[in-house]
Amino acid sequence: MAVVTATETGVRPSRAGRRPSIPGWVGTVPFLAYVGVFLLLPAGIVIVDALKNSSGGWQFSAITELGNPLVRGYFIGSLKLCVITSVSGAVFGAILAYAVASGNPDGVVRRMYLAGSGVLAQSGGITLAFAFQALLGPVGLLFHASWFYDFPWGISLIYAYFQIPLMVLVFMPAIDGLKVQWREASENLGASAWQYWRHVGGPLLAPAFLGSTLLLFANGLSAFATIEAWESQVAYTVPQQISISLSSEVGLSNINYADVLALGMMIMVVVIMTGYALLQRRASRWLR
Amino acid sequence: MAAIASLGESGLATPAERPRGMQVRRRRRLNVFRYLVFTVFGLFFLLPLLATARFSLEGNRLGSWSLAAWKEIATYKGPPPLLPAIEIQLELAVATCVVVLVLLVPTMVWIRLRVQWISRVFEFLCLLPLTIPAIILVVGLAPIYNFIRHYQLSALTLFFAYVILALPYAYRALSAGLNAIDVTTISEAARSLGASWFTVIARVIVPNMGQAILNAMVLASALVLGEFTVAYLLLYNNLPVELFSISRNTPNASVIFSTSLASLLFAFALLLILSYAGRRRHRGRG
Amino acid sequence: MTSPMTRTQDGAARTGVEVRMAGLSRHYGPVVALDKLDLTVQAGELIALLGPSGCGKTTTLRLLAGLEDADAGHITVGGRDVTHLSASKRDMGMVFQAYSLFPHMTARQNVAFGLRLRRIAAAERDKRAIEMLELVGLSAQADRYPHQISGGQQQRVALARALAIEPQVLLLDEPLSALDAKVRAQLRDEIRRIQLEVGTTTLFVTHDQEEALAIADRVGVMKDGRLEQLAPPTDVYSRPATSFVAEFVGLTNRLAGTVSGSTVTVRGRDLPLVDLSTPPGPAIALVRPEAVTLAADSSGDSGPLTGTVIAVTFLGATSRVTVDLGDTTILAQLTTADASELPAGSHVTLTIRPDPVLVSGDAPAVSEA
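Residue numbers (this note's numbering), protein chains in the order written: chain A, 777 to 1064; chain B, -12 to 273; chain C, -6 to 362.
Check the hints yourself; a few may be wrong.
[To be verified] Restricting the straight-line Cα-Cα distance to at most 20 Å, the calculated cross-link-like pairs of lysine to any residue (SDA-like) are:
(1) C:K82 with A:W970
(2) A:K856 with A:W973
(3) C:K175 with C:L223
(4) C:K216 with C:S46
(5) A:K856 with A:V1046
(6) A:K856 with A:M1049
(7) C:K82 with B:R13
(8) C:K175 with C:I187
(9) C:K82 with A:Q971
(10) C:K29 with C:L223
(11) C:K82 with B:R12
(12) A:K828 with B:I131
(13) A:K828 with A:V847
(14) C:K82 with C:R109
(15) C:K120 with C:E159
(16) C:K82 with A:W973
(17) C:K82 with A:A969
(18) C:K82 with C:R111
(19) A:K828 with A:L816
(20) C:K216 with C:G47
(21) B:K58 with B:N239
(22) C:K82 with B:V11
Treat the hints as calculated values from the structure; they're not laboratory data.
Produce the entire structure from the sequences given, and follow the hints as far as they go.
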């Protein structure tokens, strides 16, 4: 593959014909080392520590802790919050995404909404919680919402603030992927707008929609900062309980608790993200 | 429901004859829908920000106005003082960006050129942080950071974790950039003209990735600026953690709101700049 | 072929309808896409609209389909005014250039889609779908998805889908442009065969003149939103109405000459004019390569009709010979056998067959089409 140049270029000519003495994958070692230490190792620690008892031996009884009604309560709390925010985020986000996508591809509006979505989807949960507190809290600007500190309603509203933009970011490419020819062809064959969406547009967008909803679900599950700023005394969700377990240093058994919860959460997220990946693959086959 | 009107991609239609598939009536109905949606959602997204702004401009008496909170961003003594935290936050953003780029760009280019078979594994690793979110990661990071803490380093060491958190976003941005340039062809062309591997990477490929690199940096920065979970649970003091403590000490302190708004606006400005920078055509460099 | 042919199938008469477009205009802001177009397509006829990009051919098609609104004018299909009828009610079948098929449906489901919308029973529409797929030769691929079949096959399914609803008019928007050359030629003949068999009035838009000339009953050459000429293919080729048509369709030599009376004098030869009202004076005559014949010249004369062969382009049965006449170059089309006797460098004399020629109003330039 390498070519030896005939002229003197001053650059050391590549070794023609000879296989490089260092195998290629060596170049990825820095990356692998870094990821190994700061990603794989922590993940491994979580899994291993969840399965170890206080004297260092293996025990799987920690897993049965997950069946404990208190713990189940946290998971149910998390699930409630996730279902509400992912479904509502998906529906509203899809509507907003459609409104943005159907405009001028180069226009100001689109640009601004995309930039805005980028920020809001990432927005530090702390600032969000403060902002809503300013709006609907006890001295709220708009009014004092009596349900603001009720779980899950107040916190769901705050979650919507970043779930909807995330949906816009993730789902809009799918809407863009709907080719104008499909709309025109179906019209030409006699379909009304409703029939188009029912037979063509809807089915084509369905995998992307479902996949995005799953992504929102995983996102809601993992969110911590927002709910912590909203209400740090009572733990409703798994992340909050993990935080409490981590900060209370009452013996090793508590650290195991955090690990067990984290493991439970990890399994859930892995399952959800796998579903997301599969749906994305189907969506991109049709809509790219 | 109104009709789709994406003016796009009958990719092979010639520019001059690009069809506009909408009749006037339908277009008007669609526009009504669009502007209705924008108004409703615009309100939803704006109101909390407006409330934050109002609180940030609150004076000593309820209902009065004052810029004090904004000036306070720099002068707030605490507990805890804000300015060091702001500094740390910006330093963290820069450190994370640099490390992410140094780690990813050469590796991605290298993989694309020399070891394509690793790319699947690589992609999996880069996207893994999406499946192991901060709250889970931090549980496993705690022991590791206990180890690091022995060296008495500042909160800056948080960047180790932040790089991981930023990986998926940076990977996607850089990957899109690499896809847009035909890496194999231009590197083969450069090699056949006598360039070494280093030259190929540094002088041929990277300059063509400007947009993607900028993209990745902005995404990583936006992530770092708002990051709370890892810092908080690893017992470090970064800006969001500070704001949180302030709010627990003195709830409704105006400086919380002014700082929050400032950091949101900063991130928004970054992303807007990125979006416009992307419009400029690449002038052929090298 | 000037008279439309309609065939019957399964004993049921299937005749096309007449399509009449009168005074059609459309503009996008300041750009005029169509300028008062008048076009009548006879029942069962296939008209090919040909022209460069921006000439309005696709706009015409889309106005006919109802995908866009005309600013002025009327469209009558089979005697019925459809100008203000929405696209979904016009009963026309359309084949697009790309992305024609619905990706989430099999070929069979795609073809049956129009029938499904018309609430035809499942068994009946399945039967019809298979019939149509057989018509285009793809019944074996009935249960494949679009991404599993080739581009040419996709377009065939698209054609089957358009025909399944028994449309009054068939509209084809550059259906072959996205395909490989070989597939293009095959499919083009297929489309013509099917169109003749089914007998539907058809409008075929293309920028490829070979396509247009090969399959159309009549060819409409368009430029800047207007029809330059509407005539059978042979007429468009050998009796072009305007210099634009002459230069767009087929190759043309542009030779400087002088007009006087009813002839134009080109390099010492008098050639009859097509348009006898051409004003006298200097002009560019448009001469077809096949009107130029070459003979080897060993005498070394140098007259206005002598020159040197620069290049020979092999095209299969014929070859194109480029001859340098000193002040300009000229293209001649010869059989390959003849051309092989005149390799590059040979001295040749030319004769120009006295076919009526058109004269272009442009300033003299040294170039050929």
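Do the hints match the structure? See the list:
In summary, the hint linking K82 of chain C to W970 of chain A is supported, as the alpha carbons are separated by about 15 Å, within the 20 Å threshold. Restraint check for K856 of chain A and W973 of chain A: not satisfied, since their Cα atoms lie roughly 30 Å apart, outside the 20 Å limit. Proposed proximity of K175 of chain C and L223 of chain C is contradicted: the alpha carbons are some 28 Å apart, above 20 Å. Restraint check for K216 of chain C and S46 of chain C: satisfied, since their Cα atoms lie roughly 9 Å apart, inside the 20 Å limit.
With a CA separation close to 19 Å, the supplied pair K856 of chain A and V1046 of chain A stays within the 20 Å bound. Between K856 of chain A and M1049 of chain A, the direct Cα distance comes to roughly 18 Å. Compliance with the 20 Å bound is thereby established for this hinted pair. Taking the CA atoms of K82 of chain C and R13 of chain B, the gap is about 16 Å. The hint holds against a cut of 20 Å. The suggested pairing of K175 of chain C with I187 of chain C holds, with an alpha-carbon distance near 19 Å, which does not exceed 20 Å.
For the suggested pair K82 of chain C and Q971 of chain A, the alpha carbons sit about 14 Å apart, so the restraint of at most 20 Å is met. Of the pairs offered as hints, the one joining K29 of chain C and L223 of chain C holds, with about 15 Å between alpha carbons and a cut-off of 20 Å not exceeded. Of the supplied pair hints, the one linking K82 of chain C and R12 of chain B holds, its CA atoms being roughly 17 Å apart against a limit of 20 Å. For the given pair, K828 of chain A sits about 18 Å from I131 of chain B by alpha-carbon distance, which is consistent with the 20 Å threshold.
As the CA atoms of K828 of chain A and V847 of chain A are separated by approximately 19 Å, the hinted pair is consistent with the 20 Å bound. Taken as a hint, the K82 of chain C and R109 of chain C pair is honoured in the structure, with Cα atoms around 15 Å apart against an allowance of 20 Å. Of the supplied pair hints, the one linking K120 of chain C and E159 of chain C holds, its CA atoms being roughly 14 Å apart against a limit of 20 Å. About 18 Å separates the Cα atoms of K82 of chain C and W973 of chain A, which keeps this hinted pair within 20 Å; it holds.
Restraint check for K82 of chain C and A969 of chain A: the C-alpha separation of about 13 Å stays at or below 20 Å, so the hint holds. Between K82 of chain C and R111 of chain C the alpha-carbon distance is near 11 Å, which keeps this suggested pair within the 20 Å criterion. In summary, the hint linking K828 of chain A to L816 of chain A is supported, as the alpha carbons are separated by about 18 Å, within the 20 Å threshold. This hinted pair checks out: K216 of chain C and G47 of chain C have alpha carbons roughly 8 Å apart, not beyond 20 Å.
Only pairs whose Cα atoms come within 20 Å are accepted, and K58 of chain B paired with N239 of chain B is accepted, the gap being roughly 16 Å. Between K82 of chain C and V11 of chain B the CA atoms are separated by roughly 18 Å; this keeps the pair inside 20 Å, and the hint holds.
Hint compliance for this structure: hints 2, 3 are broken, all remaining hints hold.
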